[in-house]
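**Student:** Chains as they are written, first to last, in the working numbering: chain R, 1 to 278; chain Z, 1 to 191; chain B, 1 to 594.
FYI, nobody ran anything at the bench for these hints, they're computed from the structure.
If you're wondering where the values come from, they're calculated on a predicted model, not measured in any experiment.
We put the CB at the ideal spot given by N, CA and C, even for glycine.
A couple of the hints might just be wrong.
[As the list claims (entries may be wrong)] Keeping only pairs whose Cα atoms sit at most 25 Å apart, straight-line, the calculated SDA-like set for lysine to any residue is: (1) B:Lys458 x R:His9; (2) B:Lys458 x R:Thr72; (3) B:Lys458 x R:Gly19; (4) B:Lys75 x R:Gly19; (5) B:Lys75 x R:Leu22; (6) B:Lys458 x B:Lys75; (7) B:Lys75 x B:Ile182; (8) B:Lys458 x R:Cys64; (9) B:Lys458 x R:Asp172; (10) B:Lys75 x R:His9; (11) B:Lys458 x B:Ile182; (12) B:Lys458 x R:Arg249; (13) B:Lys75 x R:Pro125; (14) B:Lys458 x R:Gln4; (15) B:Lys75 x B:Ile137; (16) B:Lys458 x R:Arg77; (17) B:Lys458 x R:Thr3; (18) B:Lys458 x R:Leu22; (19) B:Lys75 x B:Gly265; (20) B:Lys458 x R:Ala18.
[Said to hold, decoys possible] Residues of chain B clear of chain R, computed beta-carbon distances all greater than 10 Å: (21) Phe20; (22) Thr65; (23) Tyr77; (24) Val169; (25) Ala393; (26) Phe448; (27) Ile480.
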Amino acid sequence: MSTQTSVFHSSTVALLFAGLGLGGAWYGASIVMPSLASRHGAGIDSMLSYLLVTTGILFVAGYCALAWFIWTGARRRRIDQRLTRRRTEWLVSGALGLAVGLIAEGGVLAIGMPVWSEYFDATPPADAVTVEITAQQFLWNVRYPGADGQFGRNSAAAMDDVSNPLGLDRADPAGRDDVVTQNVMAVPLGRAVRLRLRSKDVIHSFFLPNFRVKQDIVPGMTPEVVFFPTREGSFEIACSELCGLAHYRMRGFFDVLSPAAFDRWLAEQATPTAGGPR
Amino acid sequence: MQLALEPELSRREETVRLGLWMFLATVAMLFAAFASAYLVRRGGSDWMRINLPPVLWLNTALLVAGSGALEAAHAVGARRRWLSASAACGVALALGVGFLLGQLVAWEQLLSAGVDMPESPHSSFFYMLTGAHALHVVAALGVMLWTGLLTWTGAGRRQPRRWAAAMHSTRTIWHFLLGVWLFVFALISLY
Amino acid sequence: MSHAATTVPGHDQSHPELGFIRRYVFSLDHKVIGIQYIVTGLLMALVGAALATLIRLQLGWPERTWPLLAQLLPKGYAGGVMAPEFYLAVVTMHGTIMVFFFMSYVLVSGFGNYLVPLQVGARDMAFPLANMLSFWIGALSALLMIASFFVEGGAAAAGWTAYPPLSAVATAVPGSGMGQTIWLLSMAFFIASFTLSGLNIVATVFSVRAPGMSMWRMPLTVWSYFIASILGLLAFPALTAAAVMLLFDRHAGTSFFLPAGLVVGGRHLTNSGGSPLLWQHLFWFLGHPEVYVLILPALGIACDIIPAFTRKPIFGYRLSVWCLVAVGALSMVVWGHHMFVSGMSPFTGEYFSIATMTITLPMTVFGVNMLASLRGGAIRMGVPMMFSCAVLALFGSGGLGGLYLGNATADMQLTDTYFVVGHFHMMIGGVTLMATFGGLHYWFPKMFGRMMNETIGKAHFWLTFTPFFIIFFMQHFLGIQGAPRRYYAFTAYDFLRETRIQNLVVSSCAMVLIASQSLFVVNFVWSLFRGAPAADNPWEATTLEWTTSSPPPHDNFGQAELTVHRWPYEYGVESGDRDFADQRVPPGRVPVTA
Chain R
1 MSTQTSVFHS STVALLFAGL GLGGAWYGAS IVMPSLASRH GAGIDSMLSY
51 LLVTTGILFV AGYCALAWFI WTGARRRRID QRLTRRRTEW LVSGALGLAV
101 GLIAEGGVLA IGMPVWSEYF DATPPADAVT VEITAQQFLW NVRYPGADGQ
151 FGRNSAAAMD DVSNPLGLDR ADPAGRDDVV TQNVMAVPLG RAVRLRLRSK
201 DVIHSFFLPN FRVKQDIVPG MTPEVVFFPT REGSFEIACS ELCGLAHYRM
251 RGFFDVLSPA AFDRWLAEQA TPTAGGPR
Chain Z
1 MQLALEPELS RREETVRLGL WMFLATVAML FAAFASAYLV RRGGSDWMRI
51 NLPPVLWLNT ALLVAGSGAL EAAHAVGARR RWLSASAACG VALALGVGFL
101 LGQLVAWEQL LSAGVDMPES PHSSFFYMLT GAHALHVVAA LGVMLWTGLL
151 TWTGAGRRQP RRWAAAMHST RTIWHFLLGV WLFVFALISL Y
Chain B
1 MSHAATTVPG HDQSHPELGF IRRYVFSLDH KVIGIQYIVT GLLMALVGAA
51 LATLIRLQLG WPERTWPLLA QLLPKGYAGG VMAPEFYLAV VTMHGTIMVF
101 FFMSYVLVSG FGNYLVPLQV GARDMAFPLA NMLSFWIGAL SALLMIASFF
151 VEGGAAAAGW TAYPPLSAVA TAVPGSGMGQ TIWLLSMAFF IASFTLSGLN
201 IVATVFSVRA PGMSMWRMPL TVWSYFIASI LGLLAFPALT AAAVMLLFDR
251 HAGTSFFLPA GLVVGGRHLT NSGGSPLLWQ HLFWFLGHPE VYVLILPALG
301 IACDIIPAFT RKPIFGYRLS VWCLVAVGAL SMVVWGHHMF VSGMSPFTGE
351 YFSIATMTIT LPMTVFGVNM LASLRGGAIR MGVPMMFSCA VLALFGSGGL
401 GGLYLGNATA DMQLTDTYFV VGHFHMMIGG VTLMATFGGL HYWFPKMFGR
451 MMNETIGKAH FWLTFTPFFI IFFMQHFLGI QGAPRRYYAF TAYDFLRETR
501 IQNLVVSSCA MVLIASQSLF VVNFVWSLFR GAPAADNPWE ATTLEWTTSS
551 PPPHDNFGQA ELTVHRWPYE YGVESGDRDF ADQRVPPGRV PVTA
């Protein structure tokens, strides 16, 4: 291959990397997340924004450096400098390594951990709306404790997909006013939401994209999630852990209503068959 | 002439020893994984201990005696007393087979007492750990049989170096599996 | 007592003419075994690519029917529409085949077998018989995995991570019947095969190096295989243990991973007290080191290709070696970052997050060293170099993606989305794939004595790297938009409606990517028979394999005495009319610089 075509060929490769770097950043900047609707979600979003900005700069810089080294290297007949002193090597790579390490670790410690602890350490306020979600292939059973604030007893032994999916003990007085729905839930704006998550069969994951809430539900465990919705609206629940054939359409609805509308909604749900499934 | 107990090793022998130890390291990791699973699972609400059959103590003794017999075989073989070495190898082999039979007896006793594998997590681990260990012992018996054949057929006399290498591998494996058994036995009886 | 083996092991072996079977089928020669592994892996890659085609057809055009596929795969495409259970089996098998039977075979066992003895100046592997056994157990395991497609219920469908209870309960998903059992058995064989080959690599590096080949004179390729093999040996037994326990849960009624009160499909199970999380810990204790087992050799290969095409020593050799060691050690203690939202304690999550971020340091240093190796070089952009630059590029972007996923707070939103899919395809999919192509172009002349075609190679690079980058870069952003992975379609949700166009672009690029692999197949086969005859050292490289003939003789270096005098990156020196000195050139002729 003649030198000229060789330089041309190398230059196209250099341009490919530069183009992918710049084009990638341009494309990435155009993407938006699902609109935010929770308080702690702002923290997660700032964590992500921090990462998008820092890694975006590193990404473009790295791809352009790669392109530049190829571009100039292709035009060089003799190498510039054979060996670098070992101390310089340690300084250059070490400094860059430390810088990126600090960006990463600093992000975790300064932005990430506070959000993480706030989310997991949150003690639910007394007026929090408690909802129990029992996942099964392929739907979300939703249960509200009703006016007494107590969930009625239930047991796995009594579970029956047709007549009693939650295995409720009908004799328990605490269960009389429990409100049960499937795939549809609502919460009032202005109060914290406290979810008790359970699974009947395999691992599911309760995912509210707009609320930045995602919690695996491992059968045998009852993880709790506490968060504060910040605006009214109708949102979607998705399953984000492979749970079987209809994993991709295990869809639920999560409505944030005004307090009055919420009370109305809950009363509507309660009337048809109190204490039992609809 | 007496063979030095630790003659200067050829490069090949060093390589074999290294390979053997690395293999044993993976076996150790396997049992470490089982053990950590055991400790995690032990926290479950349904953990119920089973009564371990006392024959396990006898089996432990057989395994220890097997190690002793191998050491004896090695020591007399190094002094080129091949008749004694042959006998000691035979004893070690018999003790090894005895250990396996003893483990079968332990299983049999538990099964006849109605304690099968799904009975409780403790019994599940008992059958699995003893089974995994026994499989390794079967493989080790194969290696031991090979060394025994070298001794009995006189191949060891003609090629003492080869015999010493085979003997070394056998002892390493057997002592290692004794160690694994003591660890497993302690784990299932104490925790 | 005289020393039986003062010569290099294998040197004293006589080489009577062996029959075809002993030479090419049940061969003890590490070079033949390496090529057997590579060919097996490439064939498995074709299977994996075919599965990827089905996945992308479904995700790109979810509403279309495929009459042709209905004829080819009547069970999976009844009525022309892909069955969801078939989709899950395809996803599971694509992951399993690509990770274990393509990348591990070609990159680790294949190139590892071929290169390590040659590059350390050994005549063969330390244990050739175990090596042959390793390949045949490996081939059996691959066949078993393929066979699982044809059993009742189809292949395993619980994902390559096989989380119980989905993978433990036969009625949870069709593939959790016989398919999952075969999957577990096949993995056990795979681990046995990998253990034998890993033992061989470590023992060979430790004790059969040529005189003068000190550890600090080993090429980075050898270092990376050395570290990767140690990692594999220590990590794989955890999956063996987990697989045994899962088999018992499935077939003996035990409750290692199954908790009390499960009601699957209306059926009450009698298990009690087991912990599904235990499986995840054991799986990822293997799974995380496994990705380094794959990626370290890829980086090592690129590090050895780059100097030959920049005509300049690698930048920061010793530092890079320490990085490999550090990454290897750290990779064993960070597995929990796969489980941030699994329900394990948030404090554990904090630990795993902080520990994971420390990996950034050695990995960045390694990447910077690679990048700095290009600076000031006189670059010849041959096909191996193009793919090595692609390794560097994907390693950079994939590594930056890792900063999101290792960060527990960001991971809360991104875990189990397409961000993860994009990330690991860039790393253990892309870095390894590019290194595989780069390595095949680079060592093909050594393996077969012929050059691969340069023009087809370049076209193949453009049509592989560009779509690959676009596909998986875009998938990161699908994840940021919230698209969960392992979805059969994105049609059921409003918030995913806007990903429609992106999935169409991704699928179209995937079709280009997969179709263009035919260029590689043609190039490979054509060059095998018609390629230009290769010189012994076509790339003017310095490592030991280039000092012997192409292809090397059975004992690698013939009767010549083999002594190593220098490090493997002696480029840019005055050596007659050449600008490099291979590792055997004595110090009297060219001064030794490291």
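**Student:** If a hint holds in the structure, say so; if it does not, say that too.
**Tutor:** Hint check:
1. Between B:Lys458 and R:His9, the direct Cα distance comes to roughly 9 Å. Compliance with the 25 Å bound is thereby established for this hinted pair.
2. Between B:Lys458 and R:Thr72, the direct Cα distance comes to roughly 20 Å. Compliance with the 25 Å bound is thereby established for this hinted pair.
3. Between B:Lys458 and R:Gly19, the direct Cα distance comes to roughly 18 Å. Compliance with the 25 Å bound is thereby established for this hinted pair.
4. Of the supplied pair hints, the one linking B:Lys75 and R:Gly19 is violated, its CA atoms being roughly 44 Å apart against a limit of 25 Å.
5. The straight-line distance between the Cα atoms of B:Lys75 and R:Leu22 is roughly 45 Å, outside the 25 Å bound, and the hint therefore fails.
6. Distance check on the hinted pair: B:Lys458 and B:Lys75 sit about 40 Å apart at the alpha-carbon level, beyond 25 Å; violated.
7. Under the criterion of a C-alpha separation no larger than 25 Å, the hint pairing B:Lys75 with B:Ile182 is consistent with the structure, at around 20 Å.
8. About 21 Å separates the Cα atoms of B:Lys458 and R:Cys64, which keeps this hinted pair within 25 Å; it holds.
9. Between B:Lys458 and R:Asp172 the alpha-carbon distance is near 74 Å, which puts this suggested pair outside the 25 Å criterion.
10. Among the hinted pairs, B:Lys75 with R:His9 is inconsistent with the structure: their alpha-carbon atoms are about 48 Å apart, more than 25 Å.
11. Simply put, B:Lys458 and B:Ile182 have alpha-carbon atoms about 40 Å apart, too far for the 25 Å limit, and the pair is violated.
12. For the proposed pair B:Lys458 and R:Arg249, the alpha carbon gap of about 43 Å is over 25 Å, so the pair is violated.
13. Only pairs whose Cα atoms come within 25 Å are accepted, and B:Lys75 paired with R:Pro125 is rejected, the gap being roughly 53 Å.
14. Of the pairs offered as hints, the one joining B:Lys458 and R:Gln4 holds, with about 17 Å between alpha carbons and a cut-off of 25 Å not exceeded.
15. Straight-line distance between C-alpha atoms of B:Lys75 and B:Ile137 comes to about 30 Å, which puts the hinted pair past the 25 Å bound.
16. Of the pairs offered as hints, the one joining B:Lys458 and R:Arg77 holds, with about 22 Å between alpha carbons and a cut-off of 25 Å not exceeded.
17. Under the criterion of a C-alpha separation no larger than 25 Å, the hint pairing B:Lys458 with R:Thr3 is consistent with the structure, at around 17 Å.
18. Taking the CA atoms of B:Lys458 and R:Leu22, the gap is near 23 Å; set against the 25 Å cutoff, the hint holds.
19. Of the supplied pair hints, the one linking B:Lys75 and B:Gly265 holds, its CA atoms being roughly 23 Å apart against a limit of 25 Å.
20. For the hint pairing B:Lys458 with R:Ala18, the CA-to-CA distance comes to about 18 Å; that is within 25 Å, so the pair holds.
21. Every C-beta of chain R lies more than 10 Å from that of B:Phe20, the closest at about 39 Å, which supports listing it as non-interface.
22. Look at B:Thr65: its CB is around 18 Å from the nearest CB on chain R, clear of 10 Å, so calling it non-interface holds up.
23. In this structure B:Tyr77 is separated from chain R by more than 10 Å, as the shortest Cβ-Cβ distance comes to about 15 Å.
24. With 10 Å as the threshold on Cβ separation, the claim that B:Val169 sits away from chain R is violated: the shortest Cβ distance comes to roughly 7 Å.
25. For B:Ala393, the shortest C-beta to C-beta distance to chain R comes to about 6 Å, within the 10 Å cut-off, and the non-interface label is violated.
26. Even its closest Cβ contact with chain R, about 22 Å, leaves B:Phe448 beyond 10 Å, as expected for a residue assigned away from the interface.
27. Not every beta carbon of chain R lies more than 10 Å from that of B:Ile480, the smallest distance being close to 6 Å; the non-interface claim is violated.
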